[in-house]
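Turn these sequences into a full structure, and let the hints guide you.
Chains as they are written, first to last, in the working numbering: chain A, 1 to 275; chain B, 1 to 529; chain C, 1 to 325.
Honestly, the hints are just simulated from the structure, not real lab data. Since this is a predicted model, take the numbers as computed values, not measurements. Among the clues, some could well be false.
Stated by the list, open to error - Partial list, derived from the structure: chain B residues whose beta carbon lies under 7 angstroms from chain A: (1) 260; (2) 385; (3) 400.
A virtual CB, placed ideally from N, CA and C, is assigned to each residue, including glycine.
Chain by chain, the residues run as shown.
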Amino acid sequence: MRHFLRMFLSRPIPLAGLVIFAVIVALALLAPLLFARGPFTIVGMPLLPPGAPGLLVGSDVLGRDMAVGLAYGARISLLVGITSTLGAVGIGVLLGAVAGYYGGWLDDLLMRVTEFFQIIPSFVLLMVLVAFLQPSLSSTVIGIALVTWPQVARVVRGEFLSLRSREFVQAARTLGMGDARIIFTQVLPNALPPIIVVGSMMVGSAILTESALSFLGLGDPNLLSWGSMIGGSRSAMWVAWWTTVLPGVAIMVTVLALNFIGDGLNDALNPRRRR
Amino acid sequence: MEFDRRAMLGAAAAGVFAVPAWAQAPGATARQRTINAMMTDEPAHLNYPLFNTRIMQEICGNINESLLRFDWQFKPHPNLARAFEMSPDGMAYTFHLRPDVRWHDGVPFTARDVAFSCGVMLPQLNPRSRNAFSHVRAIKVIDRYTVRFDMKQPFNAFLLSLMASSAPMMPAHIFEGTNFRTNPYNFKPVGTGPFKFNRWARGQFIHLTRNAHYWRPGQPGMDGIYYRVCPTPEQRLVAMESGAVDFAMADDIDTVVNSRMMANPNVVARNDAFNGTGEITVMEMNHRRWPFSDRRFRAAFMHAIDRDFLVKAINFGLGKVATGPIPSNLPYYDEKALVKYPFDQARARALLDEMGLKPGRGGVRHRFAIMMIPDGGGHWTRGAHYAKQALSEVGLDVELQSTDWPTFSRRSGNWDFDVDCNSYGQYGDPAIGTARFFLSSNIRKGVPQSNIQGYNNPEVDALFHKAAVAVDSAEIQKHYSRLQHVLTRDVAMCWMFERQPMFFYNKRLKDVITGPNGPADGFGSVRLA
Amino acid sequence: MNRLSYIGARLLKTVLITVAVVLLSFFLVRLAPGDTATVMAGQAGFADEAFMKSLRAEYGLDQPVPVQLWKYLSAVAQGDLGSSFVRRQPVVDVILERLPNTLLLNAFALLVAIAGGVAMGMMAARRPGSVTDASMTVLSMVFYAMPQFWLGMMAMLMFSVWLGWLPPFGLETMGADYTGLARIGDIAVHMVLPGVTLALYFMASYARLTRTAMIEVADQDFVKTARAKGISEGQVARRHILRNALIPLITFAGLQSAILVGGSVLVENVFSWPGVGTLAYEAVTTRDNPLLLGIFIVTAVLVSLFNLVTDIAYSIADPRVELGR
Numbered sequence: 001m002r003h004f005l006r007m008f009l010s011r012p013i014p015l016a017g018l019v020i021f022a023v024i025v026a027l028a029l030l031a032p033l034l035f036a037r038g039p040f041t042i043v044g045m046p047l048l049p050p051g052a053p054g055l056l057v058g059s060d061v062l063g064r065d066m067a068v069g070l071a072y073g074a075r076i077s078l079l080v081g082i083t084s085t086l087g088a089v090g091i092g093v094l095l096g097a098v099a100g101y102y103g104g105w106l107d108d109l110l111m112r113v114t115e116f117f118q119i120i121p122s123f124v125l126l127m128v129l130v131a132f133l134q135p136s137l138s139s140t141v142i143g144i145a146l147v148t149w150p151q152v153a154r155v156v157r158g159e160f161l162s163l164r165s166r167e168f169v170q171a172a173r174t175l176g177m178g179d180a181r182i183i184f185t186q187v188l189p190n191a192l193p194p195i196i197v198v199g200s201m202m203v204g205s206a207i208l209t210e211s212a213l214s215f216l217g218l219g220d221p222n223l224l225s226w227g228s229m230i231g232g233s234r235s236a237m238w239v240a241w242w243t244t245v246l247p248g249v250a251i252m253v254t255v256l257a258l259n260f261i262g263d264g265l266n267d268a269l270n271p272r273r274r275r
Numbered sequence: 001m002e003f004d005r006r007a008m009l010g011a012a013a014a015g016v017f018a019v020p021a022w023a024q025a026p027g028a029t030a031r032q033r034t035i036n037a038m039m040t041d042e043p044a045h046l047n048y049p050l051f052n053t054r055i056m057q058e059i060c061g062n063i064n065e066s067l068l069r070f071d072w073q074f075k076p077h078p079n080l081a082r083a084f085e086m087s088p089d090g091m092a093y094t095f096h097l098r099p100d101v102r103w104h105d106g107v108p109f110t111a112r113d114v115a116f117s118c119g120v121m122l123p124q125l126n127p128r129s130r131n132a133f134s135h136v137r138a139i140k141v142i143d144r145y146t147v148r149f150d151m152k153q154p155f156n157a158f159l160l161s162l163m164a165s166s167a168p169m170m171p172a173h174i175f176e177g178t179n180f181r182t183n184p185y186n187f188k189p190v191g192t193g194p195f196k197f198n199r200w201a202r203g204q205f206i207h208l209t210r211n212a213h214y215w216r217p218g219q220p221g222m223d224g225i226y227y228r229v230c231p232t233p234e235q236r237l238v239a240m241e242s243g244a245v246d247f248a249m250a251d252d253i254d255t256v257v258n259s260r261m262m263a264n265p266n267v268v269a270r271n272d273a274f275n276g277t278g279e280i281t282v283m284e285m286n287h288r289r290w291p292f293s294d295r296r297f298r299a300a301f302m303h304a305i306d307r308d309f310l311v312k313a314i315n316f317g318l319g320k321v322a323t324g325p326i327p328s329n330l331p332y333y334d335e336k337a338l339v340k341y342p343f344d345q346a347r348a349r350a351l352l353d354e355m356g357l358k359p360g361r362g363g364v365r366h367r368f369a370i371m372m373i374p375d376g377g378g379h380w381t382r383g384a385h386y387a388k389q390a391l392s393e394v395g396l397d398v399e400l401q402s403t404d405w406p407t408f409s410r411r412s413g414n415w416d417f418d419v420d421c422n423s424y425g426q427y428g429d430p431a432i433g434t435a436r437f438f439l440s441s442n443i444r445k446g447v448p449q450s451n452i453q454g455y456n457n458p459e460v461d462a463l464f465h466k467a468a469v470a471v472d473s474a475e476i477q478k479h480y481s482r483l484q485h486v487l488t489r490d491v492a493m494c495w496m497f498e499r500q501p502m503f504f505y506n507k508r509l510k511d512v513i514t515g516p517n518g519p520a521d522g523f524g525s526v527r528l529a
Numbered sequence: 001m002n003r004l005s006y007i008g009a010r011l012l013k014t015v016l017i018t019v020a021v022v023l024l025s026f027f028l029v030r031l032a033p034g035d036t037a038t039v040m041a042g043q044a045g046f047a048d049e050a051f052m053k054s055l056r057a058e059y060g061l062d063q064p065v066p067v068q069l070w071k072y073l074s075a076v077a078q079g080d081l082g083s084s085f086v087r088r089q090p091v092v093d094v095i096l097e098r099l100p101n102t103l104l105l106n107a108f109a110l111l112v113a114i115a116g117g118v119a120m121g122m123m124a125a126r127r128p129g130s131v132t133d134a135s136m137t138v139l140s141m142v143f144y145a146m147p148q149f150w151l152g153m154m155a156m157l158m159f160s161v162w163l164g165w166l167p168p169f170g171l172e173t174m175g176a177d178y179t180g181l182a183r184i185g186d187i188a189v190h191m192v193l194p195g196v197t198l199a200l201y202f203m204a205s206y207a208r209l210t211r212t213a214m215i216e217v218a219d220q221d222f223v224k225t226a227r228a229k230g231i232s233e234g235q236v237a238r239r240h241i242l243r244n245a246l247i248p249l250i251t252f253a254g255l256q257s258a259i260l261v262g263g264s265v266l267v268e269n270v271f272s273w274p275g276v277g278t279l280a281y282e283a284v285t286t287r288d289n290p291l292l293l294g295i296f297i298v299t300a301v302l303v304s305l306f307n308l309v310t311d312i313a314y315s316i317a318d319p320r321v322e323l324g325r
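Following this line, the structure appears as structure tokens:
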């Protein structure tokens with residue numbers, strides 16, 4: 001573990017990722033303390049440029065303070081990114097483990113299902129799911145988890161396929177351990193590193209997907225997210241660049257930080273890639 | 001009325017009007033006598049009565065004409081009918097048709113076409129026409145060029161229901177006895193209008209050419225019209241600024257950038273092109289549910305929202321605060337009859353207190369949902385966001401629900417909502433466009449755009465009936481004045497603002513908007529400036 | 001397994017998967033609330049029972065779901081994908097009208113992505129750990145971290161609005177009605193912004209794959225032998241290393257084929273590109289179920305075929321790979 005930490009923190013890119021990410025998390029958590037007003041409060045005329053009195057980065061199409069929106073937007077992005085990834089990892093680990101461990105028709109079935117997801121345009125599928133569930137925070141999270149779990153399942157299945165015939169598993173079996181216990185206490189811990197790496201990269205892509213849904217107006221209208229800020233000021237782009245540029249930069253920086261961290265995890269956990 | 005450009009210039013963002021190289025309209029000279037219009041999305045077909053949307057009106061208004069035409073005061077004038085008269089008791093209307101009108105395929109236009117259109121095709125396909133012609137007992141073809149409508153009872157809105165978009169004349173020789181929904185001419189329409197259908201390049205454009213045998217002398221003034229597909233608002237703005245298209249109507253250009261359009265010296269801006277529709281933006285409440293069933297709650301709702309701010313800031317000044325069911329620029333509007341609800345949040349709080357809706361935890365008195373109409377983040381969505389803020393100041397906690405069209409229509413039709421955002425058009429006469437939202441007979445589950453609120457007031461039912469069948473104009477006005485009083489007293493609906501959607505056209509053209517029907521009257525009069 | 005019987009087996013699998021796609025999506029699209037009749041009623045602003053009833057009857061929406069399913073399945077089996085509710089045209093025609101635009105844009109984007117990504121990856125792999133390597137890695141990660149729709153908007157803002165170099169919207173210049181070469185040039189110019197926007201995102205993956213593969217291969221014996229023979233570094237990289245790095249690239253390109261065919265909803269939306277992606281978006285928001293199902297089916301079939309092609313390409317690139325494993 002200490003080796004892992006040294007490995008991870010000794011390189012500049014993951015370290016930078018971690019620092020940036022910490023700042024964003026702090027901003028998200030402290031938003032209500034930093035700003036007296038909520039993100040939806042109208043404070044002035046629409047489309048005031050950055051630097052207008054009391055408006056550090058300008059106002060949006062409704063005359064709301066963009067700075068407040070950017071801070072509160074971080075909450076939604078992080079919340080959706082993390083919870084939907086947890087959901088996808090949960091489903092993926094469970095199904096991938098069962099398929100990889102037992103093999104046979106279960107494995108076949110899972111592989112067919114994951115193929116289905118590769119073949120159908122997943123964003124269109126997601127739009128259908130969100131339309132069915134009605135746009136809200138929970139339907140965004142559920143929808144993203146439902147279209148991304150097969151990625152995790154494939155990885156987990158692969159790991160289980162190669163681990164299930166190893167000696168320590170055989171040993172556990174001869175000791176009379178039940179399947180469920182073997183899966184969760186013996187095999188899963190050994191399959192964790194690739195799951196962590198995949199998961200860390202998925203948080204970033206879930207944030208991007210959330211922003212895309214919100215951009216198209218399929219997000220929760222009661223919550224201000226970076227994607228909905230861009231979508232809502234789409235027409236204003238031509239007259240007020242800051243309304244679309246700034247939320248996009250916020251998304252990019254967040255996802256970049258997460259990917260830096262993921263990259264570091266990958267290097268630290270996957271000795272083969274270490275160079 | 002041409003929009004006061006100077007007033008808007010102050011608000012105009014610093015737009016650069018130098019047109020970049022990629023946006024130069026090509027071959028400008030060859031296209032001089034051609035109009036370039038745009039479509040936000042492509043219609044499914046060009047059968048006017050089958051699907052009556054704004055884009056259909058703008059295209060088919062050039063192809064299929066109506067018997068009458070209306071001036072700015074909504075007075076009828078001859079069109080395909082050269083003369084018309086009403087019997088003194090209001091029980092019969094006779095129309096004398098022009099004998100020189102031919103369909104685009106050369107077949108003469110006769111009384112048979114009128115009888116077929118108004119008696120068969122329109123009532124079968126278009127709900128708005130069905131409503132109007134339900135007052136007709138029989139349509140009699142007197143001779144080749146004379147037709148008489150016998151009424152079941154007097155219906156004083158009858159002539160106005162012959163406005164172009166409600167009653168386009170359709171060719172009997174093409175549609176009679178066929179399946180109207182699958183007739184191949186739905187894709188190559190035939191009419192009597194100044195332009196005739198030429199070509200439809202799917203996904204790109206619809207092209208109409210001049211009708212050389214048009215009956216109105218000196219028209220059309222141009223050689224043809226291209227309607228080009230422009231799906232995104234940014235694209236439409238650029239197309240208009242670069243001169244690639246000549247017209248931008250209603251919601252083609254997002255109100256956010258209207259100021260930029262108005263500051264453009266090459267563009268003429270009109271805010272009266274849709275007066276005929278008389279559109280009012282509203283919030284509808286589900287009167288079956290408490291507290292929306294309580295008049296005091298609805299009044300508090302109105303007092304809590306600064307509708308002046310809604311118009312000025314949220315809608316960038318395009319419109320007027322709505323005061324009641326009838327738009328202020330249409331017949332029968334009576335300001336003296338109205339009960340008004342000015343912005344007064346203290347009054348709103350007092351009304352809520354009186355109802356027993358006291359502030360609870362976090363100052364919240366009541367929670368409910370506003371279902372938004374899918375307008376792609378346009379003025380409705382922005383208005384709903386503003387309303388949520390304003391209502392929170394009086395202790396009402398609103399959950400906004402975004403929808404797509406299927407969800408919106410389904411839920412509103414099935415009365416599955418607290419409050420929704422909507423708008424309605426009066427289409428000239430209250431009996432045509434307004435009554436349907438308040439008549440108890442129009443409470444019909446499963447049908448969107450009906451009396452989905454469940455507003456039920458026998459006095460209102462009776463007044464609408466009396467107003468529609470009265471023959472004497474003073475009597476009609478009396479009933480409609482009383483109606484406006486009762487409906488505003490009841491807060492029968494939350495009227496937000498009267499929309500005045502803009503119509504922009506390139507200043508190289510003139511005589512574009514000649515009446516309250518705007519583009520729905522067709523572009524026969526348009527000529528080079 | 002020989003190549004022919006392998007292809008036969010794969011085709012059979014494609015058919016089975018397509019049937020599964022049809023069945024699943026048939027029920028999925030019906031879960032969403034509301035139908036096309038409600039859409040039309042809402043948009044027309046006027047409606048009554050007769051209007052809704054006649055629309056539903058026309059679309060067969062008034063029949064029991066099993067009957068609808070049976071009718072649909074038997075039509076699809078005969079190659080008939082039905083008619084679009086909204087457009088009232090055969091679904092096949094509607095899709096075929098858009099498919100070439102999407103394929104064109106995405107093929108262009110794929111080429112740019114591979115060319116750019118391989119170049120970046122090779123530069124980075126030349127001296128692993130160097131400043132060039134680090135900056136290439138960071139750059140490709142930046143592109144990977146941007147929301148595609150936003151990148152597109154920014155590109156539009158910069159190259160169309162501020163610099164005025166490139167057209168921001170559509171497939172061709174509106175109203176120009178070019179023909180022949182002029183038209184091809186016009187379309188090519190319009191393709192630059194959406195194409196590069198799509199490409200930058202994938203470029204990151206190709207750069208990374210190339211870099212990893214090249215570093216791994218560079219240590220292997222046959223490369224060392226080649227170097228020992230005195231072959232120049234450039235030739236080693238091209239002839240030996242790159243060829244071996246091709247396999248993961250092909251695999252990845254194969255995985256991307258769903259996007260290639262299905263189109264990018266967002267990029268097409270931002271640039272008003274008349275492709276399958278914008279069509280799918282329209283189909284979802286108007287509950288045009290036959291159209292949406294048709295898009296799913298056409299995508300499924302084409303992606304399966306693309307995967308087959310990449311598998312074969314795979315076996316050609318590396319004869320050690322056995323088909324069907």
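Hinted contact residue 260 of chain B with chain A - closest CB pair below 7 angstroms:
holds, 6 angstroms
Was the hint right that residue 400 of chain B lines chain A, CB cutoff 7 angstroms?
holds, 4 angstroms
Quick one, is the residue 385 of chain B hint okay against chain A at 7 angstroms, beta carbons?
This interface hint holds because 6 angstroms falls under the 7 angstroms limit.
In this structure, none of the earlier numbered hints is contradicted; all agree with it.
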